[in-house]
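Enquirer: Letter by letter, the chains look like this.
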Amino acid sequence: MTDHRAPPPPAGPVPWDKDFALRLLTDMLRIRRMEEKSAEMYGAGKIRGFLHLYIGEEATGVGALHALSPEDNIVATYREHGHALVRGMDMGAIMAEMYGKREGCAHGRGGSMHLFDAATRFYGGNAIVGGGLPLAVGLALAAKMSPKGTSFGARNEQRITACFFGDGAVAEGAFHESLNLAALWRLPVLFCCENNLYGMGTAIERSEAQTDLCLKAASYGMPALRADGMDIVAVHETTRQAVCTLRESAGPVFVEYQTYRFRAHSMFDAELYRQKAEVEEWKTRGPIHTFTARLKAEGKLTEDEFLALDAAADAEVAAAVAFAEAGSWEPVADLLNDVMTPQGSAP
Amino acid sequence: MTDHRAPPPPAGPVPWDKDFALRLLTDMLRIRRMEEKSAEMYGAGKIRGFLHLYIGEEATGVGALHALSPEDNIVATYREHGHALVRGMDMGAIMAEMYGKREGCAHGRGGSMHLFDAATRFYGGNAIVGGGLPLAVGLALAAKMSPKGTSFGARNEQRITACFFGDGAVAEGAFHESLNLAALWRLPVLFCCENNLYGMGTAIERSEAQTDLCLKAASYGMPALRADGMDIVAVHETTRQAVCTLRESAGPVFVEYQTYRFRAHSMFDAELYRQKAEVEEWKTRGPIHTFTARLKAEGKLTEDEFLALDAAADAEVAAAVAFAEAGSWEPVADLLNDVMTPQGSAP
Amino acid sequence: MSRKISYRAAMREAMHEALANDPRVFLMGEDVGRYGGTYAFSKGFLDEFGPERIRDTPLSELGFVGAGIGAALGGMRPIVEVMTVNFSLLALDQIVNTAAALRHMSGGQFSVPLVIRMTTGAGRQLAAQHSHSLEGWYAHIPGIKVLAPATIEDARGMLAPALDDPDPVVIFEHAGLFNLEGELPDDWSADISSARVRRAGKDVVIITHGGSLPKALAAAQALAEQGVEAEVLDLRVLRPLDGASIMASVARCRRAVVVDEGWKSGSLAAEVVARIMENAFYELDAPVVRVCSEEVPIPYAKHLEEAALPQADKIVAAVKGLFA
Amino acid sequence: MSRKISYRAAMREAMHEALANDPRVFLMGEDVGRYGGTYAFSKGFLDEFGPERIRDTPLSELGFVGAGIGAALGGMRPIVEVMTVNFSLLALDQIVNTAAALRHMSGGQFSVPLVIRMTTGAGRQLAAQHSHSLEGWYAHIPGIKVLAPATIEDARGMLAPALDDPDPVVIFEHAGLFNLEGELPDDWSADISSARVRRAGKDVVIITHGGSLPKALAAAQALAEQGVEAEVLDLRVLRPLDGASIMASVARCRRAVVVDEGWKSGSLAAEVVARIMENAFYELDAPVVRVCSEEVPIPYAKHLEEAALPQADKIVAAVKGLFA
Ligand SMILES: Cc1ncc(C[n+]2csc(CCOP(=O)(O)OP(=O)(O)O)c2C)c(N)n1
Ligand SMILES: Cc1ncc(C[n+]2csc(CCOP(=O)(O)OP(=O)(O)O)c2C)c(N)n1
Ligand SMILES: [Mg+2]
Ligand SMILES: [Mg+2]
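Residue numbers (this note's numbering), protein chains in the order written: chain S, 9 to 355; chain R, 9 to 355; chain F, 5 to 328; chain G, 5 to 328.
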């Protein structure tokens, strides 16, 4: 059993105005409350299949996504509820999808691991570890070479494709091939590695001969940055810097976010592979309470304000659950829908 | 069209006694003559399918393999005639295999790309680029963990598995996964990258974002060495050093041999992707004539001796061709042989 | 004197026995060690056999399956666990181009005594990327054997002969069977060459394998209550298929339904139907029909997933159709 | 007014036309550029369309096929060339788990208008790792279309509708056809939905596709000289299969032989036989038989390779067997 000592809790000044700081805090709270409720609903049998919670890692997705624009493309993993929500998807559509209801973002066809949203250029939810990486390379390739005037992929030199993946994905051949292609072809891909120290039950030192993931990027001649994934300030500022580097170098950038998963890998995990003490220590670095404390210390947040934000998040969650509960089931007669594109409808 | 300027021809003293030096020269000559004849027989329709010649690269295989022991395992590619021969396979069995005759090392089932020989621990011959890499990792794993007293894989801490592959293979996911596994598990694998600057018609700069291949090894925490693949002295001494490093570090080592293919990729290649001048310049660095010149300059070889060695090689080739010509065809009735292992026969 | 045991426990016992009795055997795969096995098949093995023999791998399906092939060539008897068939797509090159072809390409010089185990099938609302049933694909490849233990005896008994086999053996374990409880007879030894009649009948034979076996048995039970005596044939070995047993059942019953969780087009069921066409055409009183998965990526929603997969009621309806 | 042209030139023309007419179309794959295409299909394209649109890729099948999927999602119309089906095993995860499933998993939000071309088949003494015929595997997957142009018209005509198709289309080009020369009619436009009768007959229908079509036609010719009128049906589209045309031919001829270069067990031919069993059982005067590859990794030696593959004489013998 390896012991991953946690560094000291995030601290220090928050270089943002109150408004922006609270927006990010709010998003972290929304994710946390939504997922706590999802876990509850899983227990209640309303949500089935696999459910992978992001609890503990919220600063990573929130801080990174707030450094991107609505025009950018997002590719995520099966641990993507938070990314989907921050990206702008309706919480009701997410919850309904997890319920398997027709009102879900994918009409209940995808479930928790396959959230998609064309409106926010959210390309999913992928249950194959590393599966999203080549996809992101291709999306960036299209942004770079697609001719003017094409509808969906309308050329956009500014468009970045951000691809989120975990430390476990780094060992896959898909990682190697994708990073090389992106660097070789100078594509605007932001590789966002959420290193939570474990791939399921396998600690990174049992998965990687070289655990300094930034060194991997060097073997593709790709610039790499690292950020404390529990510190939303570090995450956001580092990601903004990465975006600048990406634009200047007109090529891909690799960012490693060092974070930690507070909950089990999925709902079926006895967590034999890590010590309770390790988890508890990391919890002292929790992204929400540490950021809250810093904001309060700076007078950017009062307890009442915090309670109001939290209540608002709870209310949004309650509404999302009500929406999902009230949702309908797709008729079985429609089973074969959306396998092939109906003739005539342009993709 | 990129121009890969060739460095100055190999020169300098040969730190070997005459006997050893001539053995290596002899092996290079044997490969060269065997392959020249193979090309001729391909033209004559005696050999079909794909034929990938090693001509120009002989110093790499000969210098490297002479640094290994008969107990070591060898894994190669479809450009493996030379490796098979140096390893100790009978030239007649190789030629007969290319003819598709029953007397071939694989009874004509494999052909040029699939030379195998259990007696010399030569694990082939693989026509999938990168396909031999995971295999080499497994062979090394067996050497490390197989219990005493098991027949074939009898534990042998000293046993190294040398895996030959090209620059093109480096882009494959199999390369990434295999190097990581070997480094992570501290396996005795010698990764021998024969960088001849092209993968078929694709120059390395169009295949690798980072063309310094030794930097790749660093991302697995693996020691890496580089040698001039046209200089058999550099190849052999570097490989010997690599073997020492491997034993001391009790883990894998990566070696890049910088070499060049004088002939077309296969017999169907118009070579549109490189300039004649580039090929001509590299030919001035030919491993055989430069080594011959150095030996003569040092008085370790006379023209008569050289002619005698060359004549011996020619004679061996003539005998191999005669053997192949005299060979027989496997009866069609035996078509389904060697798909599954006959019951009772231990593998 | 038999004893009650689960499919999971039976498979676990089989692996434990192999590890304890043959020092060449080791288990390698994602989360087989510290995690205790994705489906708890190897819980406790790490402490008992150590990290060398209970080897956690990185997420590198192509790499560690290929390493298993190399280790087998090197004299070991690896049990490589690919977490699920869905991820085995990443390793197919090594399985098809190396494991299955090596003996032939080397003119019989090298055999690959490798066992690859993987979970297969749908039914747990895991959606399109985690619900494949690709046994039929594997059964198409010369050079490998393909097994589908569907009972507690076979979960207990098939691993040993697979490990004794000198060639690559791929074992498919359907996730829907893991919690199956049943009586394990004292003699649970199993062959890896024959199909087996799980329920005798005379009016129709339901030919199936793996996770569909319980559904076929349930259908046969329901049919019995309606006066139709359905035989249930468990293929067990998907490559090479036991054609003789298939034809014997068909000759006996003169009607057949093939049940397979794979998508209908190009399913293993198609091969079974084709064999019957070729060998028992004149024995048939009615055309053979198939009950397979609908041609749709498996949806997440429970009601849609159930509608996409073979179910006992669909089998009953198919059988009745043969008498209409 | 038709003109003489080779299969290779026809495919080349089709790609040239697509590249010239649609700025969203680009060709990506190993050695499509500087090398001129492994089989010279894209010789000269690099100079005409430039390295962005005639994109040489590293040896990264999984990566560049996945990149093609992403580029299609991003609004492009990529033609991804996988050098041969043998190497496509490395890319199957992206094709099956992403390209084929994405539209369904996203509830219809995203389609993947991607064309993947690959060379398939044996017959050139390339041995076990370079001789696969896995069209049947691809034809098993919901969410993609699978084409097998076997004539000059189809080589010229099938690419355009494939590129217009909003979903992934996989095109298999048999290496044995590339040098085929023939007359290209002025109207070579082709659909990607139907099978086609290549030779009319009444005594038996030989159902085939791809590289086996010339062998089937040769067999039909030989049979004609012996008084047997064999119809030859070219499937053309392997997914979805044109069942109506198959059943029409079977109803007409009452006897059928299915020819497929895939290994017999689990071949696409098995699916065709199963469909006939299900839909035309009572039309048959004899059981349908298959002529497929022997169950052996394809050997290098010429005489053994020929013996392993379907050949005209084997087809003739199979047909005669139906009348014995
Ligand atoms: C190709 C593949 N192999 C195995 C799995 C099973 N699996 C799902 S998540 C996971 C761990 C992934 O770890 P990481 O990439 O670090 O992401 P995290 O779950 O930690 O966010 C595994 C092994 C899978 N989904 N895909
Ligand atoms: C997986 C795979 N993709 C493509 C090919 C076709 N191919 C055969 S050799 C080759 C080039 C390999 O280059 P390199 O690794 O540098 O070896 P070299 O031929 O230069 O010795 C290619 C693309 C193959 N055999 N396997
Ligand atoms: Mg992780
Ligand atoms: Mg090369």
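Quick caveat, the hints were computed from the structure, so don't treat them as lab data. Be aware that one or more of the hints could be misleading.
To be verified - Here are the simulated DMTMM-like cross-link-like pairs (lysine to aspartate or glutamate), alpha carbons at most 25 angstroms apart as the crow flies:
hint : chain 1 : residue 1 : chain 2 : residue 2
1    : R       : Lys54     : R       : Glu306
2    : F       : Lys306    : S       : Glu313
3    : G       : Lys324    : F       : Glu287
4    : G       : Lys306    : G       : Asp289
5    : F       : Lys306    : S       : Glu286
6    : R       : Lys45     : R       : Glu311
7    : G       : Lys324    : G       : Glu299
8    : R       : Lys54     : G       : Glu56
9    : F       : Lys324    : G       : Glu21
10   : F       : Lys318    : S       : Asp98
11   : F       : Lys306    : F       : Asp289
12   : S       : Lys152    : G       : Glu310
13   : R       : Lys291    : R       : Glu306
14   : F       : Lys306    : S       : Asp98
15   : G       : Lys47     : R       : Asp342
16   : R       : Lys152    : F       : Glu287
17   : F       : Lys206    : G       : Glu282
18   : G       : Lys318    : R       : Glu245
19   : S       : Lys284    : F       : Asp246
20   : R       : Lys54     : R       : Glu213
21   : R       : Lys54     : R       : Asp318
22   : F       : Lys206    : F       : Asp168
23   : G       : Lys306    : R       : Glu48
24   : F       : Lys47     : S       : Glu286
Said to hold, decoys possible - Computed, partial: chain F to chain R, Cβ under 7 angstroms:
hint : residue
25   : Glu56
26   : Gly79
27   : Gly112
28   : Ser193
29   : Ser197
All residues carry an ideal CB built from backbone N, CA and C; glycine is no exception.
Enquirer: Lys47 of chain G and Asp342 of chain R were given as a pair; does the straight-line alpha-carbon distance stay at or below 25 angstroms?
Expert: violated (42 angstroms)
Enquirer: For the restraint on Glu56 of chain F, tell me whether the closest CB of chain R is nearer than 7 angstroms.
Expert: holds (6 angstroms)
Enquirer: Against chain R, is Ser197 of chain F within 7 angstroms by beta-carbon distance?
Expert: For Ser197 of chain F, the interface hint is violated, since the closest Cβ of chain R sits about 10 angstroms away, which is over 7 angstroms.
Enquirer: Given the hint that Lys54 of chain R pairs with Asp318 of chain R, test it: the Cα-Cα distance must not exceed 25 angstroms.
Expert: Between Lys54 of chain R and Asp318 of chain R the Cα gap is close to 24 angstroms, so the pair holds against 25 angstroms.
Enquirer: Sort out whether Glu56 of chain G lies within 25 angstroms of Lys54 of chain R, counting only the CA atoms.
Expert: Violated, at about 42 angstroms.
Enquirer: Could you grab the alpha-carbon distance between Lys284 of chain S and Asp246 of chain F and see if it respects the 25 angstroms cut-off?
Expert: violated (52 angstroms)
Enquirer: Given the proposed pairing of Lys47 of chain F with Glu286 of chain S, does the C-alpha separation stay at or below 25 angstroms?
Expert: holds (22 angstroms)
Enquirer: Decide if the proposed pair is consistent with the structure: Lys306 of chain F and Glu286 of chain S, CA atoms, cutoff 25 angstroms inclusive.
Expert: Violated. Lys306 of chain F to Glu286 of chain S sits at ~37 angstroms, over the 25 angstroms cutoff.
Enquirer: Under the criterion that the straight-line Cα-Cα distance not exceed 25 angstroms, is the pair Lys152 of chain S, Glu310 of chain G satisfied?
Expert: violated (48 angstroms)
Enquirer: Given the hint that Lys318 of chain F pairs with Asp98 of chain S, test it: the Cα-Cα distance must not exceed 25 angstroms.
Expert: Violated, at roughly 38 angstroms.
Enquirer: Does the structure keep Lys324 of chain G and Glu299 of chain G at a Cα separation of 25 angstroms or less?
Expert: At roughly 23 angstroms apart (the allowed maximum being 25 angstroms), Glu299 of chain G and Lys324 of chain G satisfy the hint.
Enquirer: For the pair supplied as a hint, Lys291 of chain R and Glu306 of chain R, is the alpha-carbon distance within the 25 angstroms limit?
Expert: holds (22 angstroms)
Hint violations for this structure: numbers 1, 2, 4, 5, 8, 9, 10, 11, 12, 15, 16, 18, 19, 20, 22, 28 and 29, all remaining hints satisfied.
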